[in-house]
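Peer 1: Take a look at the letters that make up each chain.
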Amino acid sequence: MIGYIVRRILLSIPLLWALATVTFFIVRLAPGDPLAMYYNPEIDPSVMETVRTRLGLDQPIHVQYVRWLGALAQGELGVSFKHHRPVAEILAETLPNTLLLTGLALLFDLGLGVVLGVIAAVRQYSWTDHATSIVALFLYSMPGFWLGLMMIILFALKLGWLPASQMESVDAEFMGTFPRLWDRALHLVMPVFVLGIASAASVARYMRGSLLEVIRQDYIRTARAKGLSERRVILRHALPNALIPIITLLGLYLPYLISGAIVTETIFAWPGMGRLTIDAIFSRDYPVVMAANLLAGVMVVAGNLLADVLYAVVDPRIRYE
Amino acid sequence: MKSFFPFLNLACAAILLSGCGRESSSTNNAGETPVDGGTCVIGVFGDFDSFNELVSTDAVATTIMEHMLYMPLFEWSKDITIQGRLAKSWEYSPDSLAITVHLRENVRWHDGQPTTAQDVKYTFDAMKNPKLGYPDTAALNEVTSIEVVDDGTVRFHFARPSLNQLPYLRKLILPKHLLEHVPIENMESAELGRAPVGNGPFRFVRWKRDQEAVFEANPDFVDGRPHLDRVVFRVIPDQTAIETAFKSGEIDVVERLRLSEVAALRQDPRFNVFTYEQRGYQFIGWNTRHPLFKSAAARKAMTLAIDRQRIVDALAFGEGKVTANPVMSLSPFYAKDITPHPYDPERAKELLAGEGWRDSNGDGILDRDGKKFEFNLVTNLGNQMREDALVMIQDDLRKIGVVAKPQVREWTVFLSEVKGKRFDAFHMGWESDFILNPYDLFHTKAIEGKYNMTSYSNPRVDALIDQGMAARTFEEAKPIFHEMQTILHEDQPYTILFELAYSVGVSKRIHGVEIDVRSWLLNIEDWWIANGSKPAA
Chain W
1 MIGYIVRRIL
11 LSIPLLWALA
21 TVTFFIVRLA
31 PGDPLAMYYN
41 PEIDPSVMET
51 VRTRLGLDQP
61 IHVQYVRWLG
71 ALAQGELGVS
81 FKHHRPVAEI
91 LAETLPNTLL
101 LTGLALLFDL
111 GLGVVLGVIA
121 AVRQYSWTDH
131 ATSIVALFLY
141 SMPGFWLGLM
151 MIILFALKLG
161 WLPASQMESV
171 DAEFMGTFPR
181 LWDRALHLVM
191 PVFVLGIASA
201 ASVARYMRGS
211 LLEVIRQDYI
221 RTARAKGLSE
231 RRVILRHALP
241 NALIPIITLL
251 GLYLPYLISG
261 AIVTETIFAW
271 PGMGRLTIDA
281 IFSRDYPVVM
291 AANLLAGVMV
301 VAGNLLADVL
311 YAVVDPRIRY
321 E
Chain S
1 MKSFFPFLNL
11 ACAAILLSGC
21 GRESSSTNNA
31 GETPVDGGTC
41 VIGVFGDFDS
51 FNELVSTDAV
61 ATTIMEHMLY
71 MPLFEWSKDI
81 TIQGRLAKSW
91 EYSPDSLAIT
101 VHLRENVRWH
111 DGQPTTAQDV
121 KYTFDAMKNP
131 KLGYPDTAAL
141 NEVTSIEVVD
151 DGTVRFHFAR
161 PSLNQLPYLR
171 KLILPKHLLE
181 HVPIENMESA
191 ELGRAPVGNG
201 PFRFVRWKRD
211 QEAVFEANPD
221 FVDGRPHLDR
231 VVFRVIPDQT
241 AIETAFKSGE
251 IDVVERLRLS
261 EVAALRQDPR
271 FNVFTYEQRG
281 YQFIGWNTRH
291 PLFKSAAARK
301 AMTLAIDRQR
311 IVDALAFGEG
321 KVTANPVMSL
331 SPFYAKDITP
341 HPYDPERAKE
351 LLAGEGWRDS
361 NGDGILDRDG
371 KKFEFNLVTN
381 LGNQMREDAL
391 VMIQDDLRKI
401 GVVAKPQVRE
411 WTVFLSEVKG
421 KRFDAFHMGW
431 ESDFILNPYD
441 LFHTKAIEGK
451 YNMTSYSNPR
461 VDALIDQGMA
471 ARTFEEAKPI
481 FHEMQTILHE
491 DQPYTILFEL
501 AYSVGVSKRI
511 HGVEIDVRSW
521 LLNIEDWWIA
531 NGSKPAA
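From first to last, the protein sequence lines stand for chains W and S. The first sequence: position 113 = 113 (our numbering), numbered continuously. The second sequence: position 420 = 420 (our numbering), numbered continuously.
Don't read these hints as lab results, they were simulated from the structure. Ideal Cβ placement from N, Cα and C applies to all residues, glycine included. Accuracy of the hints is not assured; some may be wrong.
[Stated by the list, open to error] With a straight-line Cα cutoff of 20 Å, these simulated EDC-like cross-link-like pairs (lysine to aspartate or glutamate) come out: (1) K208(S) x E42(W); (2) K419(S) x E42(W); (3) K399(S) x E355(S); (4) K171(S) x E42(W); (5) K372(S) x D388(S); (6) K208(S) x E168(W).
[What the hints assert, rightly or not] Label pairs and their in silico Cβ distance ranges: (7) V205(S) x P179(W): 14 to 22 Å; (8) G160(W) x N106(S): 53 to 61 Å; (9) K88(S) x G103(W): 36 to 44 Å.
Okay, chain W solo, but in the shape it has when bound (with noise of 0.2 Å):
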C-alpha cells in the first residue's frame, strides 16, 4: 500500500510539470496585457516598457519559462503584479477563507445528501420519494447566482435576519469572542447553504440510486432474513456499501474545495481562492494565475489519490501492490 502511494507520488510529479508548462503557454499566449491601463494619454508611452521592463514580460516567453520554473523548482510563486505581494502570502491568506467555505459546504452537502437519498431509497415510490426527488432537481437546477441573490434580497433586505455580504461585520473586532464566532456563522448561513444546496441535490439522488442497488442485493435479504430491524438493515449493513460510489463524489470534490466557488465568492463578497483566480486572470495577473492553476492541479492528483486509497480502506476486496 505504502509503495503503491509512492508511485502514484512520484508519477503525479511529471504529470504536474506537464500541466505547469501548458497553462504557463495557454496563459501567456492568450490575447490581454496585465499593463493595459497603462495606455492613457496622461501617461508617456515609455513609462509602459519600463514597467515591462521591470516585471520581466520583455523577454522572449522561453526566456520567461525557464525564469519562472526555475524560480518554481526553489518554492518561489513570484510576486503578484497586481498586488504588489508574494504569491506565497496571498495564498496563505486566501486558503483559509476558502477552506471555512467550502468545507464547511461540503459537509452541508454530503450531510443532507446522503440523508435525502437514503430517505428516498427507503421509501422508494412513496410520496417522500417523488417530493425530495423533486426538490432535487429543482434546487440542482437553479443557478447559484440567482438563488443567491434571491436569498440575500429575502433575508439580508425584506427580513433583515443575515448579513449580505463579507465574512465579518463591521467592528467585529470590538465584540467579546462568542458573539463574534455567532456573528461569523451568521455570515456563513447564505453562502454555505447556496454553495452546498445544488451538490447536496445530486449527492442525494447518487445516494438513493446506490442504496437502491445494495438493497437488492442477497446479503441484505439474509440480513433481514435474520429478522434484523429495518433500521439495522439499512444503516449498518447497507448504508456502508452504499457511501463506496459518494467516495468517488468525495475524490472529485476536493479540488473544488481549494479553487473556491467563484460565483458564491463574488456574490457574498467571500475573499477566496474562486475570486482572486478569476480576478487575476482578468488583470492578467500571471504569477497569481500560475500558482491557483498548480495547486488546483496538485488538489486533483491529491483528491484521486485520496478516492483510491479510501476505496481500499472501505472496500477489502480492492487491494493495491
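Guided by the hints, dock chain S onto chain W, whose structure is given.
Peer 2: Below, chain S without anything else, positioned relative to chain W:
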C-alpha cells in the same frame, strides 16, 4: 466646514443633466453642529493594489491616499486652480525656472516623525527614477532637480517654464525614513504599500485583502482630528450585492452606482445621490490618412449623422452629456462657447454630396468613382457600452447611406491595430485631467510613438499647442487653447461622443458630505454622524 453654496453653483452649472437642485450637494442642515465619533462604511467593487503611491495604479487606492492618508504638496481648489495642501506658500524665481515651496509646520507622520523637505525631495526623486516606471515620470522630467533649502523649504528647478509647472507638483509626499532603505526595483514589495504611514487626517489600521481596509481618525492631524472615528472600506464585487448592502444599511456609501439604478435611488428619501462628471470622454477617432476620412468635411458629416444624445439616453440611462471638445468639460480650458455639432443627417448628406458622394446605383449606399462609402469601426472587447454604441452608430450612419461595419477586438489586438494605424475608425475613451496636455493627442510630432493615432496634423494646431504649453498661467493659456479647440471642432479628427456622469450613493446618516468632480472623498475629514451611531448591521 466648507461652505455649501459655491459648490452648488459649480455643480448646477456643470451637472445640468442630473437635474441639480433636487438633491443637495452638501448634506449639512443649517445650525447642526458636527459631532465626533462613529464608523462610516464604504462599499467598493474591487480591492486596492497598494497604498504606496510609487507603485499603485488603482483609482480608489489613489483617492484614499490623497484625501485620507497622505497630504499632497498641492491640490485642486474648487474653481480648479492650484492651492497648497502641504505647501504653505510658494514663489517663482524671476525667470520662472524655479519654484520655492515653504511647507506647513507641525505636520507629522503617523509614527510621530516630522514631515520635512527631505521627504518631498525623496518622493519626487523616486517618482523621477527611470527604473521605477511611475506613470508621471515623463512629465516630472520637466523638473530637473529638487533642492532642500532647509527642513521647511524645498526648491524645484525646471527645464523650461511651462503651464503645468505647479500641477506637476500636485503629488502626495511619502515618508523618506520608511522607504529610503528599499531599492527602487523592489518598491513593489515595500512594507509601506501594505501598512501605510501617512500624514493625513486618517491613520491606517488594517487591510485584509479582498475584504476590507480600515482607517481611524488621526488625533494629531495638523488641521485637527476628523469627525469620524473610523472609516471602513468593504470590498463587495457584485453590483446587485453592493446595492442590496447599501439599501439594507450595511454600508453607508457606494463608490459608484450603476447608471441604471441612479434615477430610482435619487427618489429614495433614505439616501443622497451625488453626481459628478467622468474625468474623460468617449470618442471616435478617424484615421485622417484613410481615403474616406482625409477630408474634414467627411469627418464632420460623420459627427452630424450620429445621434449622440440617443446613445447617452439609451446606453447610459441619460447619465451623461454630449460634449464638443477633447477636453473634459469641467477643465478650466474647456471652450464652453463651442457647442457640440447638432444631430443633422440632412446637413451630413449635403456635406458628403459636396465631396462627390452620391448614391448612383440606387442601392441606398453612397458611392464615388465606383467605390462605396463603407469602413470598419473597431472597438475593444469587454466594454459593453462601447460594443452597443457601435451598433447604434452603424444604424445612424446607414440612414445617410454610409456603411460602418462594427468590429470588436481583444484589447491587445485592438491596441496594436490602433497604434499601428491599421484602422479606418475606432471607438474608445480617454481619461483626462483638469490640466491639459494636447501635445500627445494632436501634435504632428506625436504621430509616432505617442497617442496621435488619427495621424492628425495641422501646423496651426501644432503652433498653438507649443505656445499654450509654454504659457506661464492658466489665464494666458486659455485663449490659445480656445483657438486650438475651435480648429479641432472644425477639423474633427475625433468625433466626441459624450462624458458619463458617475453617482455616489450616501446614506443620510452621514452628514457634511461634499462631492464634486475633483473626488468623491474630497472632504471626508469633515463628514460626521449624528450621535456617532454605528451602522445597523
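Peer 1: Kindly indicate which numbered hints from before are broken by the structure, ordering the numbers from low to high.
Peer 2: 1, 5, 8, 9
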